[in-house]
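Based on the sequences and whatever the hints tell you, model everything.
Residue numbers (full-length UniProt numbering): 1 to 477.
Simulated from the structure, these hints should not be mistaken for lab results. Please read these numbers as outputs of a predicted model, since none were measured by experiment. Misleading hints may appear alongside valid ones.
[Claimed, not checked] Taking lysine-lysine and the PhoX-like style, the derived pairs with C-alpha atoms no more than 20 Å apart in a straight line are:
{"#": "1", "residue 1": "Lys35", "residue 2": "Lys240"}
{"#": "2", "residue 1": "Lys203", "residue 2": "Lys86"}
{"#": "3", "residue 1": "Lys9", "residue 2": "Lys73"}
{"#": "4", "residue 1": "Lys29", "residue 2": "Lys240"}
{"#": "5", "residue 1": "Lys154", "residue 2": "Lys86"}
{"#": "6", "residue 1": "Lys174", "residue 2": "Lys29"}
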Amino acid sequence: MFDAPEELKVDFVASQEAARSWKVATPEKVDFVSKIFLASGISTTRTAIPACLQPTQTQEPKTDLHSAQAEAKMVYGQVISEVLRKTGLAATDIDILITNTSIYCPTPSIASMVINMFSMREDVQAYHLGGMGCAFGVVGLNMVRDMLKAHPGKTCLFVSSEIITGAFYPGHRKEALVTNALFRMGGTASILTNNPAWRSRSKYQLQHCLRVHTGASDRAYNALNWEPDEEGINGMVITKTLPSEAANVLEKGVRRMTPRIMTWGQYAEAAVNYIQQAAAQVSNGKLCASPAPYQPDYTRCADHFLLHAGGYAILRGIQKGLRLPAQAMMPSFASLRDFGNTSSASTWYTWSYIESTDGVRKGQTVLQIGVGGGMKSGVAYWRALRDVRDIHPCWAHLGGKALTEADLPRPISNTYKSIFDLPSTRTAAEQQQVIQATNAAPRVTLADAQQAAAAAEVIKLHAEAARSEGAAAVAAH
1 MFDAPEELKV
11 DFVASQEAAR
21 SWKVATPEKV
31 DFVSKIFLAS
41 GISTTRTAIP
51 ACLQPTQTQE
61 PKTDLHSAQA
71 EAKMVYGQVI
81 SEVLRKTGLA
91 ATDIDILITN
101 TSIYCPTPSI
111 ASMVINMFSM
121 REDVQAYHLG
131 GMGCAFGVVG
141 LNMVRDMLKA
151 HPGKTCLFVS
161 SEIITGAFYP
171 GHRKEALVTN
181 ALFRMGGTAS
191 ILTNNPAWRS
201 RSKYQLQHCL
211 RVHTGASDRA
221 YNALNWEPDE
231 EGINGMVITK
241 TLPSEAANVL
251 EKGVRRMTPR
261 IMTWGQYAEA
271 AVNYIQQAAA
281 QVSNGKLCAS
291 PAPYQPDYTR
301 CADHFLLHAG
311 GYAILRGIQK
321 GLRLPAQAMM
331 PSFASLRDFG
341 NTSSASTWYT
351 WSYIESTDGV
361 RKGQTVLQIG
371 VGGGMKSGVA
381 YWRALRDVRD
391 IHPCWAHLGG
401 KALTEADLPR
411 PISNTYKSIF
421 DLPSTRTAAE
431 QQQVIQATNA
441 APRVTLADAQ
451 QAAAAAEVIK
461 LHAEAARSEG
471 AAAVAAH
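Written as structure tokens, this is what we have:
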């Protein structure tokens, strides 16, 4: 996981003031981006932005290819060096290389850049994928699996990131300005193999993975676009249909995975539900009332959940659809808080948080869910082969202690109140008063959160919660 140097971590207040001196900035743009940011659930001091985009470090934002390449080399160099160090592998041991960024796709490719940086073998099978969005961190596992099936016993280096220098939008279109508020530097690298000799050293086994693509629908295909505005300035345009389309493709992916991960007891519950539905239909409701469609308790299907941290409203929509308690959601919200939307790397940051705090015990299962433009979703199901407790450098600041809801900028249970639920157009003194009052308010207990989650609607990731957040909802890239 990429751990940015301290000088690249953003101080929101200082950056907000410094941005007003940019020629490309207007008071309206600064206020709009600030409002989206304060509603996003992202820390005001911990997330990272390249120096070329930081108002406190550059007189004007720079999005040229040289700046983007500098960011790519920093991210890829760090995460690959770290995974090679941890596994004891040399770069020449890699047989298959798969890299990914959406917007920044140079020639030679990023895969070629990695080969050059690490002096890899001439016969390494290298692939770079662009335009895959936030989903690739999970969707790409299908490609890894297929490549390893075709080349058994080989070792794959799987690297995923988003280079945000090239994705920065300096224009005036609000639908494109949202990405400036949410996306942050990040990247991840993993080693995957089906070589039996590696089993004793491996952390996890991939048991199931699948992907769903709803791009045949024009509504889904056009929900998220990299396109020019009226002035010809390129930006990632996030439409109002994105939350519902993201919810739709997520629902399809989860539904397809569910039968593969249910317990035997849940199969029995589903059978009873089916019989009751049939009896109610045949008897026109005389024998029994028709029950709601069956949805399993996903906390019985998996022990840990890795959900795309695209933004506060997106995570709350997933939480509502899967009926997950606050405790199961904490790792994903922790990732959002400390790293922002890191695109395709977000679920891997969540995974490293779990390993760095509570850890994963042998035999426990992990459900990994990603979503991205197109629209597409990926769902993977893993099982731990051994106990895993590994404090990753990016989470060292927590000292191995898990966060609580009180540590988050925004609540993750319905009755919890936060300053960020309120308008951000206040003076600094007014903001400070509300913060103090909010901190003094009683916190919601885990029992309250579980009770609220149990009362949520049956599975249908329809994103009504996301719509209520307005522009802040459009965070799934």
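Evaluation of the provided hints:
no., hint, result
1, Lys35 - Lys240, "holds (17 Å)"
2, Lys203 - Lys86, "holds (12 Å)"
3, Lys9 - Lys73, "holds (18 Å)"
4, Lys29 - Lys240, "holds (19 Å)"
5, Lys154 - Lys86, "holds (18 Å)"
6, Lys174 - Lys29, "holds (8 Å)"
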